[in-house]
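With the hints as constraints, model all of the structure from the sequences given.
Chains as they are written, first to last, in the working numbering: chain A, 456 to 558; chain B, 56 to 556; chain C, 45 to 535; chain D, 1237 to 1406; chain E, 760 to 1402.
It cannot be assumed that every hint is accurate.
Claimed, not checked - Calculated cross-link-like contacts (lysine to aspartate or glutamate; reagent style EDC-like; alpha-carbon spacing at most 20 Å): (1) D:Lys1330 x A:Asp549; (2) A:Lys482 x C:Asp70; (3) D:Lys1405 x C:Asp70; (4) A:Lys557 x E:Glu1369; (5) E:Lys785 x E:Glu878; (6) A:Lys546 x C:Glu201; (7) C:Lys197 x A:Glu555; (8) E:Lys1366 x E:Asp1354; (9) E:Lys969 x E:Glu878; (10) C:Lys411 x B:Glu168.
Stated by the list, open to error - Listing some non-contacts, in silico: residues in chain B with all C-beta distances to chain E over 12 Å: (11) Trp101; (12) Gly111; (13) Gly113; (14) Asn131; (15) Trp161; (16) Lys221; (17) Asp262; (18) Trp268; (19) Tyr326; (20) Glu384; (21) Gly389; (22) Gly446; (23) Cys479; (24) Ile482; (25) Thr513; (26) Leu518.
Source of the hints: derived by calculation from the structure; they are not laboratory data. Since the model is a prediction, treat every value here as computed from it, not as a measurement. Every residue, glycine too, gets a C-beta built ideally from N, C-alpha and C.
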Amino acid sequence: MEFTAIYYLIPALIMFCCGVYGFITRKNMIAMLISLELMLNAVDINFVVFNRFLFPEAMEGMFFTLFAIAIAAAETALAIAIIINIFRSNKSVDVRTLNEMKF
Amino acid sequence: MFSNILIYFVVIPLVMLGGLALCQNIRQIRAVAVTGSLALIGLSAWVLAEYLELRGAGNEDPMLFVDSWTWFAPLNIHLAVGVDGISVAMLILSSIIVFAGSFASWEIKQAKEFFLWLILLSTGVFGFFISIDLFTMFMFYEVALIPMYLLIGVWGSGNKNYSAMKLTLMLMGGSAFLMLGLIGIYYHSAPEGGQLTWNILEIANNDAIDHSWQTFLFPMTFVGFGVLGAMFPFHTWSPDGHASAPTAVSMLHAGVLMKLGGYGCFRVAIYLMPQAAHELSWIFLILTGISVVYGAFCACVKTDLKYINAYSSVSHCGLVLFAILMLNETAMTGAIMQMLSHGLMTALFFALIGMIYGRTHTREITQMGGMMQIMPYLSVCYVIAGMASLGLPGLSGFVSEMTIFVGSFQHADMFHRVFTIAACCSIVITAVYILRVVGKLLFGPVYDEHHLSLTDATWWERLSTVTLIVSVAAIGCFPNFFNHLINFTFKPAIFAVLGLN
Amino acid sequence: MDYSQFLTMKQELGLLVVFLLVFLYDTFMPGRTQKGLPVVTTVLMLLLTVAGFCPCCLGSGSDVMAFSGMYETSPVISAIKNILNIGVVIVLLQSIRWANSDAMAMRRGEFYELLLVTLFGMYLMISSRHFLMFIIGLESASLPLAAMTALNKGSQESHEAAGKYILTAVFSSAIFMMGLSFVYGLTGSLYFSNIYVAIASEMNMMLVCAVAFVIAGIGFKLSLVPFHLWTADVYQGAPTSVTSYLSVISKGATAFAFMAVMAQVFGTVYSRVWEWMLYALIILTITVGNLFAIRQRNMKRFLAFSSISQAGYIMLGIIAYNTMGVAAMMYYILVYIFSNLAAFGVIGAIENATGRVSMDDYRGLYKTNPRLSFAMMLAMFSLAGIPPFAGFFSKFFIFTGALNQGSVAIYVLVLIALINTIVSLYYYLLVVKAMFISEDDCVIPTFRSAFSERLGLWITVAGIIFLGLVSCIYSGLLTLTADSALSLFFA
Amino acid sequence: MESVGSIILYCVVALSMIVFSVLAVTTRKILRAATYLLFTLFAAAVMYFMLDYEFLGAVQIAVYAGGIVVLFVFSILLTSRPGDNSERLTSKSKVLGFLGALSMLGVSGWALLSRCANFSSLPAMKYLTMSDLGTALMGTGENQYLLPFEAVSVLLLACIIGGVVIARKR
Amino acid sequence: MESTLPILILAIPLTMFLLLGIAGCKMSHKLAGFLGIAGMGTTLVLSYITALTYFFGPEFIGADGLREQVTVFNWEWLAFTENLVISLGFFLDPISAMMLIVITTISFMVHLYSLGYMEGERGFQRYYAFLSLFSFSMLGLVVATNIFQMYIFWELVGASSYLLIGFYYRLHSAVSASKKAFIVTRFADLGFLIGILVLSYYTQTFDFVKMTSDPSWVLASTGGATFMGASVLTWALVLIFTGGMGKSAMMPLHIWLPDAMEGPTPVSALIHAATMVVAGVFLVARMFPVYMMEGSATMIIVVVGAVTAFYAAMVACAQIDIKRILAFSTISQIAFMMVSLGVASEGHGEVAHHGLGYMASMFHLFTHAMFKALLFLGAGALIHAVHSNNYTAMGGLRKYMPITHWTFLIGCLAIAGIPPFSGFFSKDEILAACYAWSPFIGVWMSMVAALTAFYMFRMYYLVFWWNEPHYHHTPHDAPLSMNIPLLFLAAVSCVAGFIPFGHFVTWNRMPYDIHIELPVAISSVVVALVAIALARHMYIKENPLPAKMKAALPRLWDWCHHRFYWDELYMFITHRIIFNGICRPLAWFDRHIIDGTMDSFATVTNKASEAIRPLQSGQVQMYVWYYLIGALLLAGVTAVCVL
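Structural data, given as structure tokens:
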């Protein structure tokens, strides 16, 4: 058998979908963040795979991934700071408590 | 720019606004309002004189005093002005009603704000009538609409919030269609590759709007303006709006603002898209024909004076649109005459109703009676207004209605003639509701003993009403003058296209 | 390795200088002078704005590509940045009083630093011609905003807003990046110019997906329906100054960037793919935004929905897909900045003075605070598109621009948009009604707002009145757009 | 034709990636979720190595596993009390989650498969040296990333400031 | 002809109206009355000069021996199109000259009479103002040069009639009577207007001269067009006649006239007996050559006239109110004129008996105006004396009011057709014309003439003989100002019959001699005398016969007394059908359906707004879910559509 790009892309996609599922279902905000990380990571894999399989002559995808990792880190850091902030005032990290404002 | 006389129709109201901002007390406010409206009357008289002189000298241009200043160059938007007989007539009408309206609101509360909005409204109206650029026309049109909301909302009576909102939204709804129509016209204003333009004269000259687009754009613009012209079934803002509006606002609105609708229908919808007008007129003819009769019937059973008059306006304004759609010289002349006539007499009506209401605090005719004994002056004026409305010769209503009927009946098509007869029936129904009100309200024994202590008109009220009555009588007695003033516009080739007239 | 290329990024560099100065001031100046920070920042921004207007100084006089086409600046881009700058100056002006309140004492500097960074991010979004740059700009424009949203430490709503914002924002950026990965997979490049060429021959699901995800990702920031759901909550919870910043600057910048992406990346598949997507989104956005706005009582939330529907109108400039549309869009953004900031200025002034933000509290406001009510009314009229205020002109031009496209579908779209203006007029008038017509027992008492707030209001009101009447602005934008390289994409 | 080793390796990596992803989003204990995330990230790193992106793999391990996951663990410890099992999921949210995930899978899967024909086996690639990476990061030319490098630094700075200002007690 | 006099004839009353109307309230009663009378007097003199000049001036006899038609002046007032122009002009021909005399005479008499009758009334000045307005309008109507000018003044007389009927506006009855009068005539005028429209559409002219000088051209101009089976010319003429029916109170549009008696009695004399109500006759006479062309139109005129004449005479026999009796008498007499006009032509240009009917009609118009005005003014004197309109409050008055009694008797004899009073001559001509046209109509009209004599003398005896009721004040003759008109008109009624009318007024303006048709004359006088004798027998003093007759024919009495329930029928149609059946449902429809639809846009918007509220649930995961689904749908739907 021959590994084409699709062999790598499908697991990444499944990973992405797991992230989606987790993000929608988990009530713990940190768990939601974890799901998000899965999604971001799946995207990273996509880039890398496309780069490696389709356009190996340049390193666009790889560098995108590199920066995306940095961005993801920044996002996560900020998100965690905010979650902790919420935890301080709400005494909970349950996302369902974020329902003061609606309609 | 200021060498053109027309521009002062906008400048004077703007100066008035500025003056108003500086006013400290009610006397100054009145002074500003009176001076300004007098200046406007003077200006419109001047324009009329100049206009007649130019025409007399054999000037055959479709519009006079034409001038155009570039505004948004890339879109070819200009501040273009110009008048023909119709616009001159409308300008005169507006200035008279603004004048009368200022006097009718002599003792209004919060006078400064009131006049601020009122003058803004009149700015829009005047601007609309002098514009021959679709963009500026539309802009002024909307400028005239929005002050209504506050005028009714703040100074109105009864269910004013609802009425003000309904009126504003429905009229703006109309202008939504209108805006689409106008932009559409712009994009088809010139032949392929030509310079697109908003200028009415140029568009009419180019005659480049192709047939399929006409059939789309004509209804858009006609309905857009028709809403303001109280065309069935978009007239329902009118009864509520008028009923809640303060006196001067009802006057201005029914007297002038509703005329914007008819004027626009002619100036934009029909003038620029005659073929579509010819083909689609039957649809709107049915609607306006319904307006005419239906409004009159509805007025018969209402007991609130303003509702009666509002429905009567629906009927009369319906006649305006009806006649415009006949697409012949006489009927269209009649339409414009009807605008003048209806504007003046309905303003008179609303002024009187406001004055009566200000005294009795009711507009229910079932709650009043025998006013002739209590306030003979106002009652006599009311009778005159009523007579004008039901078309007594010697007053304006007769002249305009007859011109419309005769003109409409000259239509070659049987359908149009039959419809004309149906519209004619409205004169009987009009008589019914007018006389019903007159009989109940003015004649008969005094209904309420408390009313006996009420006073007759004050001097400013007399001035306001006399102005209007004289104008109504002037049109009624010397119709040919207005006829000639107006029908010059209808001479040129727009009918040639249709093979009519 | 031509590092002098950095010098083409004059406006970005200028902004960074401001950022650094503010940072240094915040860090090193003694505590008693800290209250001067807001004014200093405002003045610095003002200088930057002024400088941006002259091409010789910071603005761009011609089209320049730098970093091998990763960055572009041109008069048009410079113009939109200047427009944003003007907005930022006004926002800063209006936030001075809030920033100098005691509650903000510890976070004053950070507020300004974060704000400037987000502005920097927006600059990058606008100027970038490479998706990596673009996403960095997008994130810079969006992540610090989450922190800014949370600045109101005492308020539960502020935290909630920040939480909702960061979670949805990150999710959105994940989707966006997914879309980018598809773009990359299709074309092998992240340079706009390369993609533009390479994508022309493509027509498959991956392309559709890519476009949809990219639209979703940017639509999130623009709060297009259905990607808008965060908007109301965040606007309501965030401090008023942040809300006003979010609603005008962030939206305006994103709109322009969106236009750039759609035209310069996906231009070749306009009618094949995304025209119809945008039709749907615009109709949804305008309608749903309006429908929600009807029911709102909280002024900030109300303006949130109003801004959603406004975004729909802005989109008309993009779907027009011509230079007129772009110019109209930029003009619309400018006018929208002034109108919305006037509204937020009044809301902020009242909130700072009395802490009340409900529309019910505004009843009878005209009796006690006529000037504020007047400013608010003008803002509402302008937003509703009533002449002679600027909003009318912007609406008219954006419709004109859209109809320039000429298809029947666009006529239908514009008609729907126009009908929606009636609904929007209704709710704007509700505010006017509350202030001018309704009466209430507990009217907001007469108060005197701070100088900065008044100045901000005067500026915005002047803008509302004159921006439309002064024709050279729109005409200038139109000429600028027509002459720019951007216009090539619409040919 | 791939070697058996690489097939096995692929299977292990792919499977662990999928399995740990699923576990990460379904486990009730939040700390476990973080752990499964770590494993997934490791799997991804291995995948990078398999595709000859050693540097990227290293960064992945360093930044993700070393930084982010630690951050997660800290925050988890900070916010959850011991023995605090995660919530029981309502069936409604499960259904919605499934629906969302499945449709995402469907649409994106369709997108990927639509390009499947273009996919070939692993092409040869020039070995990436550190200096290649360095030049690309510090260069201003085509496919060189000095500008993003600088820009991202501003972003990181902003996030630091933001994080600090939020996390600060007052 | 000089146009100064004609202009003044119209201008003086108009000026008086404006003067009294605007400044009247500042004047004393005396001054206002004097002004009014002076104005009318001047007009009277001027009109007499004009009319007599016309009739006797040789310059108006053309070369062919015909009396010329003169358009004294004709000013363009409103030009609809090049051809269709409303002009205001002064047209002199025999009938308009005659009408000038009739109008100004009666009007002057009424002015004079009112001085006494209306003395001390509130609104005295207003009264005179309205009288002047009416005189102006009526004069304008008869001298109209074109049909539209006639329509204009037609409307104006309607309005002044309205104002005068409603003079006592404090009374409900007066107000509703005036309203009724206006609306009914307005309805008729609608027909007139449509008729004008139809006619002018085909002929492209309003001008009388153009139409009447060559009526066959009118017929030709319609080009044989038909509408719903009838030729358009018939339609036009019938519609125009409808206008005449309204004004002249022909059945079924007669219902307003009896009610119009609510106005002051002099007004009834002027407007509702002598002048305005004959406008319909005048109109048909004016258009006579055209009517001649359409047999079906004249047929309708004859039928309507005959039925009305009989009906009104029947009803007049059973009324209590003396003014009502006179009103129905008026209706009946006008119907005579109509019938006479109708029988003057025999379809398609053949004029029966040299247009005898035409001449007779005009003659009767003239004499009737005089004696009916006399009767009304006499009735006014009676009412003035006893303060009641009902004969039940009167009786034996001959002793107290000799002048009134004798003048009234002359009036009654005149209307009954007893020679040598004027009515005999004119009625005789009419009957002769009828017999010539069709014996049936002749007999029928003779019967009506008998009825006329009967009800008039019924009234006469009931008022002046009969039993004397108890009077609060002793009744006495009216003051001099009221007696002069009575005496004058009585004198005219005595002698007017001897005027050689045929020399002045004929359909083709060709003078000819009237000769009395003896058989017809004798028979009609005999019949009239019998009727008078019967009335004398029944009503000269208490007599059981009337009661017996009433008991014998209760149904007939009821129907006659209630005017055959026409008012009730109209009430039913207007109130039940039009008002409750059309207006109210329409108003409801407008409020609830049309307005409801408009409101429902708002409601639906609100409902929609409520319905999508759950979208903004406040749950961030739902937000994300919608986001995701939105994005996927965007992709999926687009893909389905474009791929």
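Hints, verified against the model:
no., hint, result
1, D:Lys1330 x A:Asp549, "16 Å, holds"
2, A:Lys482 x C:Asp70, "39 Å, violated"
3, D:Lys1405 x C:Asp70, "19 Å, holds"
4, A:Lys557 x E:Glu1369, "13 Å, holds"
5, E:Lys785 x E:Glu878, "17 Å, holds"
6, A:Lys546 x C:Glu201, "15 Å, holds"
7, C:Lys197 x A:Glu555, "16 Å, holds"
8, E:Lys1366 x E:Asp1354, "18 Å, holds"
9, E:Lys969 x E:Glu878, "48 Å, violated"
10, C:Lys411 x B:Glu168, "12 Å, holds"
11, Trp101, "26 Å, holds"
12, Gly111, "17 Å, holds"
13, Gly113, "20 Å, holds"
14, Asn131, "36 Å, holds"
15, Trp161, "24 Å, holds"
16, Lys221, "7 Å, violated"
17, Asp262, "26 Å, holds"
18, Trp268, "27 Å, holds"
19, Tyr326, "21 Å, holds"
20, Glu384, "7 Å, violated"
21, Gly389, "8 Å, violated"
22, Gly446, "7 Å, violated"
23, Cys479, "6 Å, violated"
24, Ile482, "6 Å, violated"
25, Thr513, "18 Å, holds"
26, Leu518, "16 Å, holds"
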